[in-house]
Every structure is written in structure tokens, then in C-alpha cells.
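Student: Below, each chain spelled out in residue letters.
Protein chains: 2
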Amino acid sequence: MKIAILGHGTVGSGVSKIIQNRQGDLVSNSLEIKYIYVRPNKVAENPLFTADYDQILNDDEVEVVVEVMGGLEPAKTMIIQALSHGKNVVTANKAVVARNIVEFNQVANQNNARFYFESAVGGGIPWIINLERALRIDQIDSIHGIFNGTSNYILDVMTKTGASFADVLKEAQDLGYAEADPSADIDGYDIENKLCISVDIAYNTFVQPGDELLKFGIRNITDQDIQYFKDQGWVVKLIGRSFRKDNRFSFVVEPTLYSPGEIEAGIHNNYNYVGLRGNTIGKLSFNGQGAGELPTAHALVQDILDLAAHTSHLYREFDQPLTLDNSLKLKNYVVRTSADISTYLAGYEFTKDGNYYHIDQIDTAKMHHIVAEIDRRNIDVFLACISRHRTRV
Amino acid sequence: MKIAILGHGTVGSGVSKIIQNRQGDLVSNSLEIKYIYVRPNKVAENPLFTADYDQILNDDEVEVVVEVMGGLEPAKTMIIQALSHGKNVVTANKAVVARNIVEFNQVANQNNARFYFESAVGGGIPWIINLERALRIDQIDSIHGIFNGTSNYILDVMTKTGASFADVLKEAQDLGYAEADPSADIDGYDIENKLCISVDIAYNTFVQPGDELLKFGIRNITDQDIQYFKDQGWVVKLIGRSFRKDNRFSFVVEPTLYSPGEIEAGIHNNYNYVGLRGNTIGKLSFNGQGAGELPTAHALVQDILDLAAHTSHLYREFDQPLTLDNSLKLKNYVVRTSADISTYLAGYEFTKDGNYYHIDQIDTAKMHHIVAEIDRRNIDVFLACISRHRTRV
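Going line by line, the protein sequences match chains U and Z. Residue numbering for the first sequence follows UniProt numbering, starting at 1 and increasing by one per position. Residue numbering for the second sequence follows UniProt numbering, starting at 1 and increasing by one per position.
Hints are not guaranteed to be accurate.
Intra- or inter-copy, both count: the list cannot distinguish identical chains.
[Said to hold, decoys possible] Below, computed lysine-lysine pairings styled on DSS-like, alpha-carbon distance capped at 25 Å: (1) 245 - 17; (2) 160 - 283; (3) 283 - 17; (4) 160 - 230; (5) 366 - 245; (6) 160 - 329.
Hints are computed from structural coordinates only; laboratory data are not their basis. Quick caveat: nothing in here was measured; it's all calculated off a predicted structure.
Using the sequences plus the hints, can you model the full thing?
Tutor: And the structure:
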């Protein structure tokens, strides 16, 4: 099966390596990279390189287009073009999938092509395939996890060393874990994309990334916060989670506090952790490399092998109308701020410990609304959800 | 697709429930249970019940035989008969699979039938399918996990409550988690079966359960041991693990000590945890329900759906000759015994703390050999491997 790769950064190189090394049992001679689409100034470097996308689109031998350029455009247009030419598309691009999953799916169907995106969520973790397989049998009513390795790395190093957020972010950037503009990783946008895709599949609906989806990242966390949580017996993780009840669902990205002995507290470095709950399979979760050249490339090649083996993925219309409702469950929160937020908390049980408010049984929408108010007044604020109810000491 | 179920215990009933409820997306009207094979005295209870296996074997409409009787015979004979009649077989029976995987595979191939056993390892966890998928691309050189929920439940309750082994075992038996004869769960035989099957697939070899595979269970553990480990900052788990290097592999079932903050320490109750390491995917692990009516039935139905969808599982000959070698790696161990074992430990660094010996950098084969010697002398003994190297305090 002949393949064109769009983009030759880290992940694209990984795909080339895996296909060319042919170590595994099924990566046989039947897979061949015919083109690698690059910028015009690069074309001379490698006989496979081309900057002429029409050449790829019009080559009937090319059965699979692997999109690993990232970004919204021209990725979206090029994916649509490939599908319109009846070519299967495999992508690692979570941002473009989260926004266009319905359209990609429709164009693929109209042209008898397949659109697969295992590597877009959870990197090397076979999350999408297993979510889809569970859905062959189960209703899935809950998705949660550590969907972003960079933020997990930052929080883990801060916890282990006591270093400041700025210093650890700088280190993560030097290691190549974090981008020069770290916003996608530390403000929750990357997790939002991945949770949108997961929720779309799990609930057979379409949730667009956007401001109505609650996100609170780790930009404001301090080493004092980490130490305070540690003193209380907690480790903090940046979590995405969604829960469905009937035709309503919650969706939130927020720092969450775990006790050692909870599984999330054992997810270190830049590992990802993603889980679901189904009506017969129960709780099922996955831990693995959420990014990186070879793990992400591994997931892309899995999609290619499924195409080669004619293994169909779950078909979804993404057409179930559901209502976003972040007041479905009451949780306990800790909010650190130098503002006096007592008036906001009228009617809720809370205690104050220095600048740390411990608030009981408040819904996520209300909690984020209060914190957004404080933030709007340019006062320092950080929030974290408590994973389990604990009796306050 | 018409199905015959052999046995109507807990798991068999679960399969009936899932197929008859048809909640999920792909469990469609195309699946139908035509027969349930039961003892002659039960036949009158349900129109699907039959005690006549020839009726099933000779009914060309039956495409899948689901074996959930358990035990070695008549399960083995009946599986072979079904495959010989060209029927696909799906089974949850780890004991019969571990011993006969090569023969079942051969008979299936000769008769153009499929033999699937997802539910035999890890219960509801989609372990086999993901191990096989990873192997399409990767070399896998390491398998490890908490493969037995009953022993994990016993250790977890002992850790949380301080209760004695005998009391918690009794409770597990009352809850139906443990059998009247608990040996398979507490002495490591169940884990041995599951690790054999995993290793067979991972390394494309055939490892028979037997005495040369090192197993040390939790029968001898005391509440004092649990407290001692807790005081040292450890939680104990019963682990199966195997590691391959070139044409040699290790294979051991043994109690292992984890610090809170290691992921294994976060696996509670009767959950299972299984993991692999591959050359491009890296470390990948799964956590979920390792037993129980619906999770196990879910895994069986996944196999049936793969048959219905013509999704092929990985083909293995199980013919790689590998040598068992449990001296491949040096580990640190804790051994509790009232015997004086100093002479056995000549040449190794160790310290003694009451009845607890802390031994550094000893290979697994040697350590188990010493403990077997003590056991043979009818002196109390318990051993636990330390998961990570720590500097002794």
C-alpha cells in the first residue's frame, strides 16, 4: 500500500522509521512511502520529497495520506482534498480533528474513504480504538484522564523538586516537551481538543472547542501551591473529564487533587492516562506515552495497518443532541487567592486557611464562574478540584 | 451469527445478557444464541438448553462455540471437537488455553476456524487484542502486571484494615471472589496461566505452566508483614512478570513491594493491571476489571464481534525456541523467616531487621531457591521483591 506523508517533522520522521525498519510482524513490504510533502525549499534533500500536492492527489497508487503538519490550515483543506480524491487519511492533528470531525467523516463516506486519527488523542496509547471497541457493546457515560504530557511533566517536576513553575516550564521547553508558546499545553486547549474528540465518539455527538467548555490550566500555579497541597496529602494533576447523564453532559479541564494511592497520583513525567466507564466493562483505563516521535508514529502506523487489513473502525454520525451542563455534580474545591471571596461563596460551606479556601459541594460551573470573576479583577487565583470526597479535618 | 454457549455459570449468563440486551452499537440482531450446553438434569429449564453436544457440532448454523465451563476436561476435548467441525471457538478458560494454545491454533488453522481468548487474561481489559496489535509493529521485551483480582483484593483489604490473611480470605470466599479451594488465586497458578498466554503471544513461543516457572504466592503473608512493609513505605502486590533478552527470558510470579506514587500501588480492590514494553510504543499499561460476570462476558462478546466483522487477530506459530533464565536481572528482596539464612546468603550484601532480611542484588532464581529450601525445612518464610532500587537507609 503506497503512502504519502504530509510534513516531515518529528512524527513524520517516526512514521518513516517504523515503516522502513519493518521490525514488527505485520509491517511488511506491503507498506511503502511514495511521497513526503514538504516546503519547496526542502524538495532537493530527498527523492521522496515533493512540494506538489496535486502530484499526490492525482497519483492513483497513493491509498493513504498521513497528515502530520499540525495546525488548522492548510491541514483542513488538504485533508478534505485527499478524502475527496478517495484517499484514506490518517492524522495526528487533534486541533483540526476536534473542529472538523463531522465534515471529515461526511466527506470520507461520500468518497468511500476512511478517516482515522488514533494518534490525535493519547499519543501511543491505543485509546480511540479501544473506546470504539467498548462502544460496540457498551454505553459509555464517563471519560477522564491526564490527556497532556507536558503539563503533567511540569506538575510532576514541581512536585518532586519544589522548583517554580517558570523554571520548570523553561526546562520543558529546552527538552522539547513544551512549545515556545506553551499556551496549548498549560492553559488546557490541547486537553480540550482531545476530550472533545473522545466525547464525540463516546456519546456520538459533536462538541466544538470553545469558551463555553470550562478550562482552567496551570499557568497560575506556584511552588507554594504545590507545597500546600503536599502538606495536605495531595498531588495535583491537570485533568480533562466529562460525564453524561441522560441527554446532558459535563465537560471540564481543571487541576485536580489526588492522594498517593490513587492511580492518577502514580502517573509521572510526561505520561498520559485516559479512562472510560461503560455499563458492562466497568472502569477501564490506559497509561502510556502520550507524545513523542515513536509512540505517536506507532499509533499512526496502527491506523495504516487497519486500513491495509480492512479493519473497520466504529461508524459514527456524531448526531446525538446533548446539552452541556456543568452543574450535574457537586464537588469539593480548593481555591487560592488573596481576594476576599466570601461573598461569592454565600450559601456554600467553606473554610479559609491562609489564602486557601476549601469549598464543599459546589458545582463546577459555579466554581469556575467565581474564579473567572476574580481573574477578571486581575487578582491572583488558582483552583483545584478534589478528586474524592474527604471529610474535612 | 448463531452461537452455542458451553456452560451456564456466571460468565455464560453474562454473555446471554449482553447479547439479548443489545445496548451497544454493534451487538445487533445478527448475534443469536441457539444453544446453551448444560448438564442433562438442567435441560428442562430453558428451551435453549441441551446436553447433546453432537447436536451443536452437527448444526451447520452454529458458527461460534463459546466455552465457559472452565477446567481442563472436558473443555479441551470439546474445544478440539468444535474446531474440527470448522466452528470458531471463543473461550475464557485460561488453564486450558495456557496448556493447549499451540494445538488449538493448529486445529483451528487446519479447519479454517478461529480460536480467540480475549477474556482468558485480564477479564474485561482488552489485553490480548492490544498486545497483538502492538506486536504488528513492535518487538515486545517485557510483560508485567497484577493479573489476579482475588489476591489483589486480599492484599488490599489486609493493607487497609490490618486484618489477618485467614479472615480476609474467608471474606473473599463469602463474597464469591475466591473459590472454596483458593490455591489457584493465592499460590500464583492463575497468574502463571495468564502470564504464559501473554508470553506465548509476546515472544511467539510456547511456555507450559509447570514447576520450573518460579511462583511464590501470598499464602504465607501475615498482618505483621503488611504492617512491616507499611512502616518501610511499601505496599505489597502479587505480580507476574517476564522479561526477554535475546533468546533468553525470565518468568516469575512473586509478591512485590511498591511505594505509594508508583502506579501499581494505586490498583485497589479486585482490579487488574497489565502492561507491556515495546520498542516504539514504549511502556503501555491497562487497568480494569479482571473478572466478574459482565466484564468477562464483555471480552467474550468482543471476540464474537471480531468474528462477525471478520477482524483477524494476530497469527502466531508459537515456535520461537527461547531459554528460561531467571538470573537475567539482579533485584533487591525482603525475606521474612525465623530461620537463620546467613549461610545461604554468603557472597550477597544483606542486613537483618528482626526476622526480615533485606538482600541486595540477588537474582530471582537464586532467591527463590533459597526460600524453597527454607520452606522444605517447614520453617515460616515469606519473600517480596522490591520493585525499584532504593538506597538502603
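Student: For each hint, tell me whether it holds in the structure or not.
Tutor: Checked hints:
no.	hint	verdict
1	245 - 17	between (44 Å within a copy, 23 Å between copies)
2	160 - 283	between (29 Å within a copy, 21 Å between copies)
3	283 - 17	between (35 Å within a copy, 19 Å between copies)
4	160 - 230	both (10 Å within a copy, 21 Å between copies)
5	366 - 245	within (19 Å within a copy, 55 Å between copies)
6	160 - 329	neither (32 Å within a copy, 28 Å between copies)
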